[in-house]
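Chemist: As they're listed, the protein sequences go chains A and B.
Read left to right, the first sequence gives residues 1 to 182 (this note's numbering).
Read left to right, the second sequence gives residues 1 to 172 (this note's numbering).
Think of the hints as simulated: they come from the structure by calculation, not from any bench.
Be careful, since some hints might not be right.
Claimed, not checked - If you want a taste of the chain A side facing chain B, the calculated C-beta under 8 Å gives, among others: (1) Ser30; (2) Pro58; (3) Cys60; (4) Arg109; (5) Glu139; (6) Leu164; (7) Asp167; (8) Pro172; (9) His173.
Quantities reported herein were computed from a predicted structural model and do not represent experimental measurements.
Each residue gets a CB set at the ideal place from its N, CA and C atoms; glycine is no exception.
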Amino acid sequence: MGIVDGRIVMPPLPEGRVLPVVTAPAAVLSTPCVDVDPCDPGVVQLAADLLATQRVSPGCVGLAANQVGVGWRVFSLDVTAHPKARITHGEYVLVNAVVESASRNEKSREGCMSVPDFTGDVKRASRLVVRGLLPGTGEEVVIETDAFEARALQHELDHLAGFLFLDRVVGPHAVFPRQTYL
Amino acid sequence: MSHSLAVTVLGHDRPGIIAEVTGVLAELGGNLEDSSMTLLRGHFAWTLVVAADADPSEIEARLAHLVAEGLVVSVLPVPDADSSSTSGSPWLLTVHGADRPGIVSGLTGVVAAAGGNITDLTTRLGTGLYLLVAEAALPTGTDVEALQARIAEAAAELGVHATLQPADVDEL
Ligand SMILES: [Zn+2]
């Protein structure tokens, strides 16, 4: 269990439901989420729901609990297919995760399902160690990663702390209306 | 002798506006200095400072075709300014929340009251979401924590989320 061959092995989860994604300026997105019991049935169901919602959302590589309106420190992630990813740990959900160490800042443009109208340039660590618990078992895992998975993890952990990428853009000329090309 | 002129061009966007304006300025011996262009809700908006010998009215006359198609064009003399005259340290103010009157004035007012000068500003209105990102020069010795507390207070009153953080400069 835990991490096998570089992939996080998720405990069995119930059937997930696809939940509506909340968009800014919803208050839940700007409110810090709270730690929860990873073995609580509600948390396990939420883990399944986050994965189900993430899977049906085109281009979505991660989803924080407050993006579906729940103020708990739980998020899902899967950057496996992303061209900018190097190290990847598969599809997983972490509970009460924290950053252990972060280094090597790089700037890149981010978007977010909860901020559909804008993108922005954000500087984030490209080397990252995150520690968190698996839903269902509460088993602790330590994820050492880089590049896009590191960026996505920091984006989700920011959500759980009540921050959007808009709070991290590098300057007034680093935020862009999403272009709609006809 | 060349002098500084502020040229503004505003209006319906189409390809070629920048090429036409800079073409006219070049023909008149103008030297482009600082400029900033963006689309504001789809409207072309450009402000530039140009050093030129030409008379403002002469430049306006050469850009009359743009006025004829509905653009607003103005050419005004401005005094030469010291471009490096801003003192203090750079900070980044980010504000987002539900759109309502008074967000920009409320938050920039707090910065101004602390003697801070906004040196760069973008505001955008999304679907129900208002966004402000500003760079501000704060006077040396500013009590930043106290200022952050006043910004948080003003933001809470307006029901928006605001952060003031150092504008990182990575010297290489
Ligand atoms: Zn997001």
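Chemist: Decide, hint by hint, whether the structure agrees.
Modeler: Status of the hints after comparison with the structure:
no. : hint   : result
1   : Ser30  : holds, 4 Å
2   : Pro58  : violated, 19 Å
3   : Cys60  : violated, 19 Å
4   : Arg109 : violated, 14 Å
5   : Glu139 : violated, 34 Å
6   : Leu164 : holds, 7 Å
7   : Asp167 : holds, 5 Å
8   : Pro172 : holds, 4 Å
9   : His173 : holds, 7 Å
Hints 2, 3, 4, 5, counting from the list given before, are not met by this structure.
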